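Participant: Hey, can you work out the whole structure from these sequences and the hints?
Respectively, the protein sequence lines represent chains V and X. Counting from 1, position 105 in the first sequence corresponds to residue 105 in the UniProt record's numbering; the numbering is continuous, with no gaps. Counting from 1, position 340 in the second sequence corresponds to residue 340 in the UniProt record's numbering; the numbering is continuous, with no gaps.
None of these hints come from the bench; they were simulated from the model. For clarity, every value in this text was computed on a predicted model and none was experimentally measured. Any given hint could be a false lead.
It does not matter which identical chain is meant; a pair holds if it fits inside one copy or across any two.
Simulated pairs of lysine to aspartate or glutamate, DMTMM-like, Cα-Cα distance not exceeding 20 angstroms [to be verified]:
id : residue 1 : residue 2
1  : 333       : 348
2  : 115       : 46
3  : 207       : 146
4  : 190       : 227
5  : 296       : 246
6  : 285       : 244
7  : 158       : 58
8  : 27        : 58
Number of protein chains: 2
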Amino acid sequence: MGQSITFHKADKLKPKPDGSKPLGFGKFFTDYMFEMDYSMEEGWHDARIVPYGPISLDPAATIFHYGQEVFEGMKAYRTEDKRILLFRPDKNMERMNQSCARLNIPEIDEQFVIKAIKQLVAIEEKWIPNEPGQSLYIRPFIIGTDPALGVHPSSTYKLLIILSPVGSYFGDSMSPVKIYVEDEYVRAVKGGVGYAKTSGNYAASLKAQTKSEELGFDQVLWLDGVEHKYIEEVGSMNIFFKIDDEVWTPALNGSILPGVTRASVIELLQHWGVTVKEKKISVNKLFKKAEKQQLKEVFGTGTAAVISPVGFLKWNDKVIKVANGKTGKLSQKLYDTLTGIQNGKIKDELHWIQEVKTDKQEGAKEKEEEKTATVE
Amino acid sequence: MGQSITFHKADKLKPKPDGSKPLGFGKFFTDYMFEMDYSMEEGWHDARIVPYGPISLDPAATIFHYGQEVFEGMKAYRTEDKRILLFRPDKNMERMNQSCARLNIPEIDEQFVIKAIKQLVAIEEKWIPNEPGQSLYIRPFIIGTDPALGVHPSSTYKLLIILSPVGSYFGDSMSPVKIYVEDEYVRAVKGGVGYAKTSGNYAASLKAQTKSEELGFDQVLWLDGVEHKYIEEVGSMNIFFKIDDEVWTPALNGSILPGVTRASVIELLQHWGVTVKEKKISVNKLFKKAEKQQLKEVFGTGTAAVISPVGFLKWNDKVIKVANGKTGKLSQKLYDTLTGIQNGKIKDELHWIQEVKTDKQEGAKEKEEEKTATVE
Ligand SMILES: Cc1ncc(COP(=O)(O)O)c(C=O)c1O
Ligand SMILES: Cc1ncc(COP(=O)(O)O)c(C=O)c1O
Numbered sequence: 001m002g003q004s005i006t007f008h009k010a011d012k013l014k015p016k017p018d019g020s021k022p023l024g025f026g027k028f029f030t031d032y033m034f035e036m037d038y039s040m041e042e043g044w045h046d047a048r049i050v051p052y053g054p055i056s057l058d059p060a061a062t063i064f065h066y067g068q069e070v071f072e073g074m075k076a077y078r079t080e081d082k083r084i085l086l087f088r089p090d091k092n093m094e095r096m097n098q099s100c101a102r103l104n105i106p107e108i109d110e111q112f113v114i115k116a117i118k119q120l121v122a123i124e125e126k127w128i129p130n131e132p133g134q135s136l137y138i139r140p141f142i143i144g145t146d147p148a149l150g151v152h153p154s155s156t157y158k159l160l161i162i163l164s165p166v167g168s169y170f171g172d173s174m175s176p177v178k179i180y181v182e183d184e185y186v187r188a189v190k191g192g193v194g195y196a197k198t199s200g201n202y203a204a205s206l207k208a209q210t211k212s213e214e215l216g217f218d219q220v221l222w223l224d225g226v227e228h229k230y231i232e233e234v235g236s237m238n239i240f241f242k243i244d245d246e247v248w249t250p251a252l253n254g255s256i257l258p259g260v261t262r263a264s265v266i267e268l269l270q271h272w273g274v275t276v277k278e279k280k281i282s283v284n285k286l287f288k289k290a291e292k293q294q295l296k297e298v299f300g301t302g303t304a305a306v307i308s309p310v311g312f313l314k315w316n317d318k319v320i321k322v323a324n325g326k327t328g329k330l331s332q333k334l335y336d337t338l339t340g341i342q343n344g345k346i347k348d349e350l351h352w353i354q355e356v357k358t359d360k361q362e363g364a365k366e367k368e369e370e371k372t373a374t375v376e
Numbered sequence: 001m002g003q004s005i006t007f008h009k010a011d012k013l014k015p016k017p018d019g020s021k022p023l024g025f026g027k028f029f030t031d032y033m034f035e036m037d038y039s040m041e042e043g044w045h046d047a048r049i050v051p052y053g054p055i056s057l058d059p060a061a062t063i064f065h066y067g068q069e070v071f072e073g074m075k076a077y078r079t080e081d082k083r084i085l086l087f088r089p090d091k092n093m094e095r096m097n098q099s100c101a102r103l104n105i106p107e108i109d110e111q112f113v114i115k116a117i118k119q120l121v122a123i124e125e126k127w128i129p130n131e132p133g134q135s136l137y138i139r140p141f142i143i144g145t146d147p148a149l150g151v152h153p154s155s156t157y158k159l160l161i162i163l164s165p166v167g168s169y170f171g172d173s174m175s176p177v178k179i180y181v182e183d184e185y186v187r188a189v190k191g192g193v194g195y196a197k198t199s200g201n202y203a204a205s206l207k208a209q210t211k212s213e214e215l216g217f218d219q220v221l222w223l224d225g226v227e228h229k230y231i232e233e234v235g236s237m238n239i240f241f242k243i244d245d246e247v248w249t250p251a252l253n254g255s256i257l258p259g260v261t262r263a264s265v266i267e268l269l270q271h272w273g274v275t276v277k278e279k280k281i282s283v284n285k286l287f288k289k290a291e292k293q294q295l296k297e298v299f300g301t302g303t304a305a306v307i308s309p310v311g312f313l314k315w316n317d318k319v320i321k322v323a324n325g326k327t328g329k330l331s332q333k334l335y336d337t338l339t340g341i342q343n344g345k346i347k348d349e350l351h352w353i354q355e356v357k358t359d360k361q362e363g364a365k366e367k368e369e370e371k372t373a374t375v376e
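Facilitator: Structural data, given as structure tokens:
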């Protein structure tokens, strides 16, 4: 798409959040957002960066009634030498198109949306926080906007990208979380939309999530919707188990979200020579492994938390304390490596990083080129 | 709730749709809508009837990301003697609260929302169409509005009610529809949100719906998500089978929407002395019954279509032609009785009807009371 992106300057910029207080997750939003519309006639059009502000929709819009929506979640990281890095944005865009296909939403030009993300992040670079664990969360999403109540795919859509400076999802330190095996509520089932990043999956999960919090847990561990036997994933993370010297994770089966962090952890472990098994894992088998002291570590993976060690696991009346309730060695190594790559401190051997160039840098580069030209 | 409803008059009213053309479903909207907000501190508050128009939301609002939404669908009918009737609005409000409970949405005061619906319909009475099969569709819905990206129930909500003059959902005559047994995609599963009227269920259904249309069918017949064996419901209808002299319908199991029309058909049939069985019905058994000529009629039930006879049923390579592709006697009788009750032509023996009083009538009534008072 040779489309250009127009820029509408805001009259006034917002104050940045107080750096001395925890940022939390998704509470502050930057000065600008990206917006683009879709119609049958024009396809995706009118790409623009505009001041962050309310969007105005007909109350009959598809999104309010039939939930036609997809979203993505990724981050921009600030390096010590002030560069801005994105972690595998191509993977997020690829997944966004997979979600679109499931939700009858017209596909996007992945490269163009990456370009839009970079342009928006470059404009908002002052909003990228600097402290360890902090980053600029990037939330692209698409909503159906047709003002019509028949149950049909919308013929018009809006794609937006909003940015939020965030701390770590689970608070400011990497302390192990407590999770709870949910066996009443179900998140997704084969043939449904579990593998898509779409709002309905999260709506369905709220009840179990609040139940787990009431019971004193941080997150829910979902079981499959058919037999209520096999482990799927956590609230907003995929899940990994270190069993002796191997690492196991549930195989992608249509109802699990294919996490970008999950894929990266698998690649990284394989790169290190660790055996990774993507397989059907029954909760029963897992608890047996734990009884036999073979369950060494458990951790969740996701963009928000990167690696989140699990210290306690509850299933009915059985409780496992994992790695003595502490962060395991492998979890720590994965966390350090991934965040290291994301922050530019560790060499990006697997070619996961894309850099965001700011005008300043572009300007500097141009000047240098000019210089070179002059020198010639 | 002793809350009062404020009224904000529109500067200009819209032209009504051209009466000579089919209205379709959910394409036109009236001049006004009802709106009410929820916050933790104030509960549901600021009930108001305002000009129909765009709603303005923060792009981070829960509805756009985590799909916290419930809705209802009901109708106002115009009788020949110009009265306005609602069909079992209490049932819709009861279901709305069941949906709210599943989606972590604060409950509504059912009687108050019925009052709001009546007030809105009374104001918009000129929009209630008069032709057979036509009515004023009423769509109450609630959306989560918190501008925050953590996966948590919203703390603020908006309830809206919009109105749309509609024809019949399936076109203007009661011609039998063709349905297709879907065995790849799944709508809902036990433990999920299938029994709730929430947007995510419909988002998940679009793919199968468009597939069935491409294959030349009108709607999808969903099977259960666990075994893909048992019949659940149709796209936006519950389903009934007349087997010899009995009527069968899938039992409510947590993944089927408990239709108001479904409940009413069951009560009506029982009132007539017909045996109704709510049970697990395998598609295999159904097709066997059809082979043995025991399957006499098939019909869907829902607010939009009331009764929709099914003429053809396809499951893999098997096809059933039901009642010779025509509308069966029982389907016709149910349709005539239900629409008769709704239009005020048939006596409301089961006490399903609530009348909407307009200012005019209230005025007339008051005058009459005054007269009576004078006479005394
Ligand atoms: C349900 C669910 N599973 C897993 C993940 C992890 O995916 P990713 O690593 O791409 O962030 C997420 C998203 O953050 C999620 O929402
Ligand atoms: C999935 C689904 N099933 C069944 C029905 C029928 O319900 P009701 O009779 O209350 O309209 C509907 C709603 O219209 C529906 O959306």
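Participant: Tell me, in ascending order, the numbers of any earlier hints that this structure violates.
Facilitator: As far as the earlier hints go, not one is violated by this structure.
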